[in-house]
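**Student:** Listed here are the chains, written in short residue letters.
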Amino acid sequence: MSRYILQRLGMLLLILLGVLVITFVISRVLPGSAVEMMLGARPTEEQIAAVREQLGLDRSMPEQLLLYIGDTLRGEFGTSLLTKRPVLVEIAERFPATLELVFFSLILVVCAGIPMGVSAALHKNSTSDYAARSVSALGAAMPTFIVAMILQLVFSGWLGVLPLQGRIDGLIQLDYEFPTVTGFYTVDSLLAGQWAAFKSCLLHLIMPVLALSLSALAIIMRITRGMMIEALGEEFIMTLRAYGLSPRKVNYGYALKAALIPLLTVIGMTFGYMLGLSVVVEYVFDWPGIGGFMVGAIVRSDYPAVMGVTLVLASSYLIANLIVDLLHFAADPRLR
Amino acid sequence: MTAPLLEINDLRVGFRNRRAVVQVLHGVSLDIRPGEIVGLVGESGSGKSTTPLAMLGLLPANAVIGGQARFENRTLDIANPAATRKILGGRASLIFQQPLKAFSPYATFGRQLVDAISAQTGMSRTDAGKVALAALEDVQMPDPEGAMARYPHQVSGGQAQRVMIALALSCNPKLLVADEPTTALDVTVQAQVLHLIRELAKSRGIGVLFITHDLGVVAELCDRVVVLYAGRVCETAPVAGLFHHPQHRYTRALLGSMPHLGSAQAFETIPGSAPSPAALPSGCAFHPRCAAATERCRTELPQMVTTEAGRFACWNPVGSDKGRVV
Numbered sequence: 001m002s003r004y005i006l007q008r009l010g011m012l013l014l015i016l017l018g019v020l021v022i023t024f025v026i027s028r029v030l031p032g033s034a035v036e037m038m039l040g041a042r043p044t045e046e047q048i049a050a051v052r053e054q055l056g057l058d059r060s061m062p063e064q065l066l067l068y069i070g071d072t073l074r075g076e077f078g079t080s081l082l083t084k085r086p087v088l089v090e091i092a093e094r095f096p097a098t099l100e101l102v103f104f105s106l107i108l109v110v111c112a113g114i115p116m117g118v119s120a121a122l123h124k125n126s127t128s129d130y131a132a133r134s135v136s137a138l139g140a141a142m143p144t145f146i147v148a149m150i151l152q153l154v155f156s157g158w159l160g161v162l163p164l165q166g167r168i169d170g171l172i173q174l175d176y177e178f179p180t181v182t183g184f185y186t187v188d189s190l191l192a193g194q195w196a197a198f199k200s201c202l203l204h205l206i207m208p209v210l211a212l213s214l215s216a217l218a219i220i221m222r223i224t225r226g227m228m229i230e231a232l233g234e235e236f237i238m239t240l241r242a243y244g245l246s247p248r249k250v251n252y253g254y255a256l257k258a259a260l261i262p263l264l265t266v267i268g269m270t271f272g273y274m275l276g277l278s279v280v281v282e283y284v285f286d287w288p289g290i291g292g293f294m295v296g297a298i299v300r301s302d303y304p305a306v307m308g309v310t311l312v313l314a315s316s317y318l319i320a321n322l323i324v325d326l327l328h329f330a331a332d333p334r335l336r
Numbered sequence: 001m002t003a004p005l006l007e008i009n010d011l012r013v014g015f016r017n018r019r020a021v022v023q024v025l026h027g028v029s030l031d032i033r034p035g036e037i038v039g040l041v042g043e044s045g046s047g048k049s050t051t052p053l054a055m056l057g058l059l060p061a062n063a064v065i066g067g068q069a070r071f072e073n074r075t076l077d078i079a080n081p082a083a084t085r086k087i088l089g090g091r092a093s094l095i096f097q098q099p100l101k102a103f104s105p106y107a108t109f110g111r112q113l114v115d116a117i118s119a120q121t122g123m124s125r126t127d128a129g130k131v132a133l134a135a136l137e138d139v140q141m142p143d144p145e146g147a148m149a150r151y152p153h154q155v156s157g158g159q160a161q162r163v164m165i166a167l168a169l170s171c172n173p174k175l176l177v178a179d180e181p182t183t184a185l186d187v188t189v190q191a192q193v194l195h196l197i198r199e200l201a202k203s204r205g206i207g208v209l210f211i212t213h214d215l216g217v218v219a220e221l222c223d224r225v226v227v228l229y230a231g232r233v234c235e236t237a238p239v240a241g242l243f244h245h246p247q248h249r250y251t252r253a254l255l256g257s258m259p260h261l262g263s264a265q266a267f268e269t270i271p272g273s274a275p276s277p278a279a280l281p282s283g284c285a286f287h288p289r290c291a292a293a294t295e296r297c298r299t300e301l302p303q304m305v306t307t308e309a310g311r312f313a314c315w316n317p318v319g320s321d322k323g324r325v326v
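The listed protein sequences derive, respectively, from chains A and B.
According to the UniProt record's numbering, the first sequence is numbered sequentially starting from 1.
According to the UniProt record's numbering, the second sequence is numbered sequentially starting from 1.
Take the hints with a grain of salt, since some may be wrong.
[Claimed, not checked] Label pairs and their computed distance ranges (CB to CB):
| hint | chain 1 | residue 1 | chain 2 | residue 2 | range |
| --- | --- | --- | --- | --- | --- |
| 1 | B | 243 | A | 7 | 54 to 62 Å |
| 2 | A | 131 | B | 299 | 50 to 58 Å |
| 3 | B | 216 | A | 334 | 28 to 36 Å |
| 4 | B | 21 | A | 233 | 20 to 28 Å |
| 5 | A | 334 | B | 186 | 18 to 26 Å |
| 6 | B | 122 | A | 334 | 57 to 65 Å |
| 7 | A | 335 | B | 238 | 22 to 30 Å |
| 8 | A | 16 | B | 21 | 58 to 66 Å |
[As the list claims (entries may be wrong)] Chain B residues, not near chain A, derived (Cβ > 12 Å throughout):
| hint | residue |
| --- | --- |
| 9 | 20 |
| 10 | 35 |
| 11 | 61 |
| 12 | 64 |
| 13 | 68 |
| 14 | 74 |
| 15 | 115 |
| 16 | 116 |
| 17 | 138 |
| 18 | 156 |
| 19 | 188 |
| 20 | 199 |
| 21 | 240 |
| 22 | 269 |
| 23 | 282 |
Read the hints as simulated data drawn from the structure, not as lab findings.
From the three backbone atoms N, C-alpha and C, an ideal C-beta is built for every residue, glycine too.
Go ahead and model the full structure; you've got the sequences and the hints to work with.
**Tutor:** Shown next as structure tokens:
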């Protein structure tokens, strides 16, 4: 039984090692030299040699790789060339904002997408099924930045009911201070009992979460519909119906369970998908997450920052998938 | 003769698709008496799987159903599957072809048995658990308590079929419908399961409708046989009579296609294949494959003839051949 879990953990470590090697290689082949960036135009030979030594660039490639892996394992992600601050600190400040955005979007996707998919499957080929499918096709087809801008135009521009961008109202944040505990503003403000701050955080979350969720919602809805229809066609559904189980129990107790177990994997993948997409959403809504930092780092060849962010994003995706695997393991008796 | 437990008359079923309704049953009539095992025989596409599903109210929503049915002297509204299910619930049960697929892989046998038993009888879950355990003992399931805690993937097909039979018998049904319950099992297990069904049916006076394409099983197990072809009954007779003196040309061809042990004579196959329900031949649906077909067979639908031995619908029955010993 624990073999399955050990196997997954081993896989996770192997993949992380692969990610480390890839980020290392990419950082060394990216155009634009870090040395140039640090020293500006026309540095002297001595200056270049000093910086190369400082960055460890004078050693052989395998040596550099080993040093890099060693540093990373010790939590030493290096210093951002751009801000001259430790990459880990930069990430720690921003990543919770991204996670909060993705986390709430994932909740919306799961809590809305699955019931919509189930209802479409139970009323297959009805008008509501066609309506849901058309809307989901549209949602999946619309580029996220367009969706984000339409939301801004309607709710902030025309109706003026939602804040245009940011994570919290600046004045409110000053007036109703709350300490950082989890890094999630909603949770931290609640813990501190600052209702006004909590409300401001929620209002600021609505549009980014909607923009980030729409395409994933469409995907989850469609896949849930398909899985549910497949589950309802299973022979055991006929048995249960033949033996007098209520449609409710058959649909939600048995068919939904059979549909949800394969869906877990898809939800795990959706997390990674939204993590990637959050870069765009953060840009449009000026969300102080990791996305903007990453784009800046890529554009300016701040390779310690790029490597750090890549590693953190890859790890969180892998951890999410590990959680999915564990849930799968708990839910499917055939794996035990 | 005792009154029939279940009687169906002129059962017609069609399935609606986007363009039209495709009729698969064209007036099937049959009856089952308490304690009697009736075999329902036919090729795939003959309607032998649709018939029991219609009887039990298990057809999907796109089915169009007509005909009359009576169960224990109560009229069934057979056109309304939900109403039929309600009346038959707890009194008629079904055994499926693939026992491992007939149970959810995500729940233990115990949970599924208890859910089904309490849904049918309204018992509490504790009482339903006791009934389930007793039923597993009745079907001689080894380690019945352990079986309750097991998932379908943890047992063999034969054991799962025993659980299925336990479920079928747990609510003391009057009628048992078994849809090829042994096809997916090993030959040795097949015999055990057949024996179990026969024993339980005879000792409890349960009427059984046994659907199969295997005439060997019919000969071993059944009291009476109903032969279906293209959605119609072509012949029905007690087993011995049917095997020794088949009347319908199709019945005879079916018997002829059975391999015989120790017989030098090669078994004959029936030429052609069963017609599609969407494009039935005129007259007797079997005439394109029948060596003895006459002009009348091609144009006119044969009428059902009742004799002492049984009933058949054939214009040129085997018994009319002169001087020929069948």
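**Student:** Against each hint, give a clear statement of whether it holds in the structure.
**Tutor:** Tested hints:
1. With their beta carbons about 58 Å apart, residue 243/B and residue 7/A fall inside the hinted range of 54 to 62 Å.
2. In this structure the hint that residue 131/A and residue 299/B lie 50 to 58 Å apart at CB holds, the actual value being about 51 Å.
3. Taking the beta carbon of each, residue 216/B and residue 334/A are about 35 Å apart, inside 28 to 36 Å as hinted.
4. Separation of residue 21/B from residue 233/A is about 21 Å and conforms to the stated range, judged on CB atoms against 20 to 28 Å.
5. Between residue 334/A and residue 186/B the beta carbon distance is about 22 Å. The supplied range of 18 to 26 Å therefore holds.
6. Distance hint for residue 122/B and residue 334/A: a CB-CB separation of about 32 Å, inconsistent with the stated range 57 to 65 Å.
7. Take residue 335/A and residue 238/B: their Cβ atoms lie about 51 Å apart, and the range 22 to 30 Å is violated.
8. Evaluation of the 58 to 66 Å hint for residue 16/A and residue 21/B yields a pass: the beta carbon distance comes to about 60 Å.
9. Residue-level check passed: residue 20/B sits 17 Å from the nearest beta carbon of chain A, beyond 12 Å.
10. Its beta-carbon lying about 22 Å from the closest one in chain A, residue 35/B satisfies the requirement of being farther than 12 Å from that chain.
11. Interface exclusion of residue 61/B from chain A breaks down, the closest Cβ pair being 10 Å apart, not more than 12 Å.
12. Residue-level check passed: residue 64/B sits 17 Å from the nearest beta carbon of chain A, beyond 12 Å.
13. Distance to chain A confirms residue 68/B as a non-interface residue, since its nearest Cβ pair spans about 22 Å, more than 12 Å.
14. Once the 12 Å rule is applied to beta carbons, residue 74/B is consistent with being away from chain A; the minimum gap is 17 Å.
15. Against the 12 Å criterion, residue 115/B falls within the reach of chain A, whose nearest CB is about 6 Å from its own CB.
16. Not every CB of chain A lies more than 12 Å from the CB of residue 116/B, the least distance being 4 Å, so the non-interface label is violated.
17. The non-interface label for residue 138/B is consistent with chain A: the shortest C-beta to C-beta separation is roughly 17 Å, beyond 12 Å.
18. Remark: the non-interface label on residue 156/B is consistent with the geometry, its nearest Cβ contact in chain A lying 15 Å away (cut-off 12 Å).
19. Distance check on residue 188/B: its Cβ is at least 24 Å (rounded) from any Cβ of chain A, clearing the 12 Å threshold; non-interface status holds.
20. Look at residue 199/B: its CB is around 22 Å from the nearest CB on chain A, clear of 12 Å, so calling it non-interface holds up.
21. Even its closest Cβ contact with chain A, about 33 Å, leaves residue 240/B beyond 12 Å, as expected for a residue assigned away from the interface.
22. Against the 12 Å criterion, residue 269/B stays outside the reach of chain A, whose nearest CB is about 31 Å from its own CB.
23. Residue-level check passed: residue 282/B sits 35 Å from the nearest beta carbon of chain A, beyond 12 Å.
The structure does not agree with the numbered hints 6, 7, 11, 15 and 16 stated previously, though it agrees with the rest.
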